[in-house]
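Protein chains in written order, with the working numbering: chain A, 614 to 852; chain B, 78 to 508.
Calculated from the structure, these hints are not laboratory results.
Quantities reported herein were computed from a predicted structural model and do not represent experimental measurements.
Glycine is no exception: its CB is placed at the ideal position from the N, C-alpha and C atoms.
Just so you know, nobody snuck in bad clues.
Mimicking DSS-like on lysine-lysine, the simulated pairs with C-alpha atoms at most 30 angstroms apart in a straight line are: (1) A:K842 / B:K109; (2) B:K208 / B:K170; (3) B:K170 / B:K109; (4) B:K146 / A:K804; (5) B:K168 / A:K849; (6) B:K170 / A:K851; (7) B:K146 / A:K823; (8) B:K443 / A:K851.
Restraint ranges, calculated between C-beta atoms of paired labels, are given here: (9) B:K161 / A:K804: 22 to 32 angstroms; (10) B:T471 / A:A798: 52 to 62 angstroms; (11) A:V781 / B:K443: 25 to 35 angstroms; (12) A:A798 / B:T211: 46 to 56 angstroms; (13) A:P833 / B:P150: 40 to 50 angstroms; (14) B:T106 / A:D826: 18 to 28 angstroms; (15) A:S779 / B:K443: 23 to 33 angstroms.
Some residues of chain B that are not near chain A, with every Cβ distance over 12 angstroms (derived): (16) A204; (17) S406; (18) G430.
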Amino acid sequence: MAVSSEDQTMHIVSGIGTFVIAVLMVGLVVKSADWAGADTKPRDRFEDMEVIDAALAELVKKPQQQPQKKFKAPDPTVKPQGVTRDDQAKPVDRPDEPVAKPDVNPLDKFDRPDNDDEPVGKPDEQPVGAFDGSEFGFGDETRGDPFLGALKADLLRSWEYPEILSDVGTPVGCIHIEPDGTIEAWELREKSGNAELDDSVERALRDLEKLRDGEPKPVPAHLIPKTRKWICYRMKVKE
Amino acid sequence: MRALAVLAVLVASGMGVAAADDGVIIDVTGAKRGKYPIAVPVAVGSDAAVAREIAEIQSFDLGVAGYFKILDPKSFLADLEGEKLGLEPQKWKDVGAYGVIKYRVVTSGGNLELEARLYEVSKGTTAVLTKTYTGTKADLRKLTHAWCNEVVKYYTGEAGFFGSKIAFVAKKKGASTVMAADFDGANPYAISRNTSTNMLPAWSPGGGQIAYTSYMRNNPDLYVSGGGGGRPKKLAGYKGMNTGASWSPDGSKLAVTLSKDGNPEIYVISASDGAIVTRITSNKAIDTSPAWSPDGGQIAFVSDREGSPQIFVASAGGGAARRVSFNGSYNTTPTWSPAKGASVIAYTTRDGGRYDIVTLDVATKKMTRITQGEGTNEEPSFSPNGRAIAFASTRSGGSGVYIANADGTGTAVKVYSGSVTGVDWGPAPRP
Numbered sequence: 614m615a616v617s618s619e620d621q622t623m624h625i626v627s628g629i630g631t632f633v634i635a636v637l638m639v640g641l642v643v644k645s646a647d648w649a650g651a652d653t654k655p656r657d658r659f660e661d662m663e664v665i666d667a668a669l670a671e672l673v674k675k676p677q678q679q680p681q682k683k684f685k686a687p688d689p690t691v692k693p694q695g696v697t698r699d700d701q702a703k704p705v706d707r708p709d710e711p712v713a714k715p716d717v718n719p720l721d722k723f724d725r726p727d728n729d730d731e732p733v734g735k736p737d738e739q740p741v742g743a744f745d746g747s748e749f750g751f752g753d754e755t756r757g758d759p760f761l762g763a764l765k766a767d768l769l770r771s772w773e774y775p776e777i778l779s780d781v782g783t784p785v786g787c788i789h790i791e792p793d794g795t796i797e798a799w800e801l802r803e804k805s806g807n808a809e810l811d812d813s814v815e816r817a818l819r820d821l822e823k824l825r826d827g828e829p830k831p832v833p834a835h836l837i838p839k840t841r842k843w844i845c846y847r848m849k850v851k852e
Numbered sequence: 078m079r080a081l082a083v084l085a086v087l088v089a090s091g092m093g094v095a096a097a098d099d100g101v102i103i104d105v106t107g108a109k110r111g112k113y114p115i116a117v118p119v120a121v122g123s124d125a126a127v128a129r130e131i132a133e134i135q136s137f138d139l140g141v142a143g144y145f146k147i148l149d150p151k152s153f154l155a156d157l158e159g160e161k162l163g164l165e166p167q168k169w170k171d172v173g174a175y176g177v178i179k180y181r182v183v184t185s186g187g188n189l190e191l192e193a194r195l196y197e198v199s200k201g202t203t204a205v206l207t208k209t210y211t212g213t214k215a216d217l218r219k220l221t222h223a224w225c226n227e228v229v230k231y232y233t234g235e236a237g238f239f240g241s242k243i244a245f246v247a248k249k250k251g252a253s254t255v256m257a258a259d260f261d262g263a264n265p266y267a268i269s270r271n272t273s274t275n276m277l278p279a280w281s282p283g284g285g286q287i288a289y290t291s292y293m294r295n296n297p298d299l300y301v302s303g304g305g306g307g308r309p310k311k312l313a314g315y316k317g318m319n320t321g322a323s324w325s326p327d328g329s330k331l332a333v334t335l336s337k338d339g340n341p342e343i344y345v346i347s348a349s350d351g352a353i354v355t356r357i358t359s360n361k362a363i364d365t366s367p368a369w370s371p372d373g374g375q376i377a378f379v380s381d382r383e384g385s386p387q388i389f390v391a392s393a394g395g396g397a398a399r400r401v402s403f404n405g406s407y408n409t410t411p412t413w414s415p416a417k418g419a420s421v422i423a424y425t426t427r428d429g430g431r432y433d434i435v436t437l438d439v440a441t442k443k444m445t446r447i448t449q450g451e452g453t454n455e456e457p458s459f460s461p462n463g464r465a466i467a468f469a470s471t472r473s474g475g476s477g478v479y480i481a482n483a484d485g486t487g488t489a490v491k492v493y494s495g496s497v498t499g500v501d502w503g504p505a506p507r508p
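For reference, chain A alone in the conformation it holds in the complex (with noise of 0.2 angstroms):
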């Protein structure tokens, strides 16, 4: 299409004049701006201002992440349709209904039966319990005093009885322990009637008076007005 020189000329005037325009609108309203604060006090800047928490407004950074591969979701295969004969025909597919999840703790199953570990530490120098068979341990099912209850297990440790012997009779043994822990006397307070059972009391009452006196052990102070007595032991074979 042929364009005339007139149309051309009146393209170039409007442009510059629309270009004119625009330039001298913009710089009236920078103007405009100097010229309202110039007169004015600057105003505080916090004065409109919440106090926050520092930690608080602290803002929380997005972590980085690795660049993610795109997966795409393979197309749904649609099974071939066919006949089948009943041992071949799979269960038919069925939407899964929703299962009710379990109340239960996730750290469950960290859970074992049984703790295997290593016992570290020092051991407790006296077992807690009645491991000697005495009721004078001081656990909470073997409540008693420790210190009768040591002296009764090493009673017990020093009181052998040969196997092929009878073992009626009870024998009733005594000691008296000084403070200091010796065993300052001890005798066959009643004979059972079997002289080898009263001889194998007498021989651990004697093991027990070389046991304490070789590492005594100092009675304690709560226990030492019981000790001014006797303490006698009515042996038993077995139950």
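Fit chain B to the given chain A structure using the hints.
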């Protein structure tokens, strides 16, 4: 007063504590039970060599009896010269002795007189048992065994097994000879007198005969010899094997393995002529090693009918068998304990590539290990009272016949050195 009040509270709370007139009484239960500590000092004032031999025999006998702990003579504190046949109890208490044996032996020419006393330390200076024996010097072991049997009987009420005999097979230069010896290995002698293979000896209940299998006529036939040896009599010569004899308690029959029909089966045959009395097993599996129970009612044997050799028990009259061993995959050579009231079988078991002896209480299923990790241990046989077990072993102490406590305690002791198999302990000696 306050202390007494505290004690009264303890009593009331049922803590096993009771107030005494002038103290406190505590109940103690549970003595440690162990062997009976007994001292056997060498007699003084006697023929030293004979006295020492008697002490050694006593220590050995009582040591393997299963009841006693023999104290070390080095620990003795007593004045033996001063005591002579007497006793100063406190000196023996101080070394832990409960019993002490004193004796005196007098030799004159070829004769010997042995006076022996047993003391219980708790009963003071009076002997609780005294015996006197006379004989020749050659009877020394026999007389000492007889005394030790009295000691065992004093404490347990049952006879000891000292003076009994064992039979076994000694292998040397390709030949296997049936041997017999005192239970402690002394006085060994040959039963079989051929250069062929002889095996699996079995004492008759009275000890007068030994049955064994021999290849002396090429077929493994069953022979019976006198307990002292002598010419054997062929009892069973069926086609195939005639092996593994076990006498019935009354001595009238034997349980044996016969393969006359091709497959090894358990039969009962007559002890007089070898005629078949009863067939115990009948199946395609291998059934072998019969062992007659002491009450005569049952026969234990080995069968692989369930895939591996295991111990089964059947009625001595025949009928269904029941499996009794379930440990491991190889259990053989069963033998019954003759102890009264017991229902215990000892057998050889393969454990981790080794062969060991175990006992099984058929009633309670309780198993007890007799040997462990000491060479190969096979073919157990109980002592006449069931308190000890003899077996063949290749342990580091040397191959031979060993004796161990039947309760699994203590250490086995060797009584005969050599390559041996087929150990069988004979009956109790006649008093």
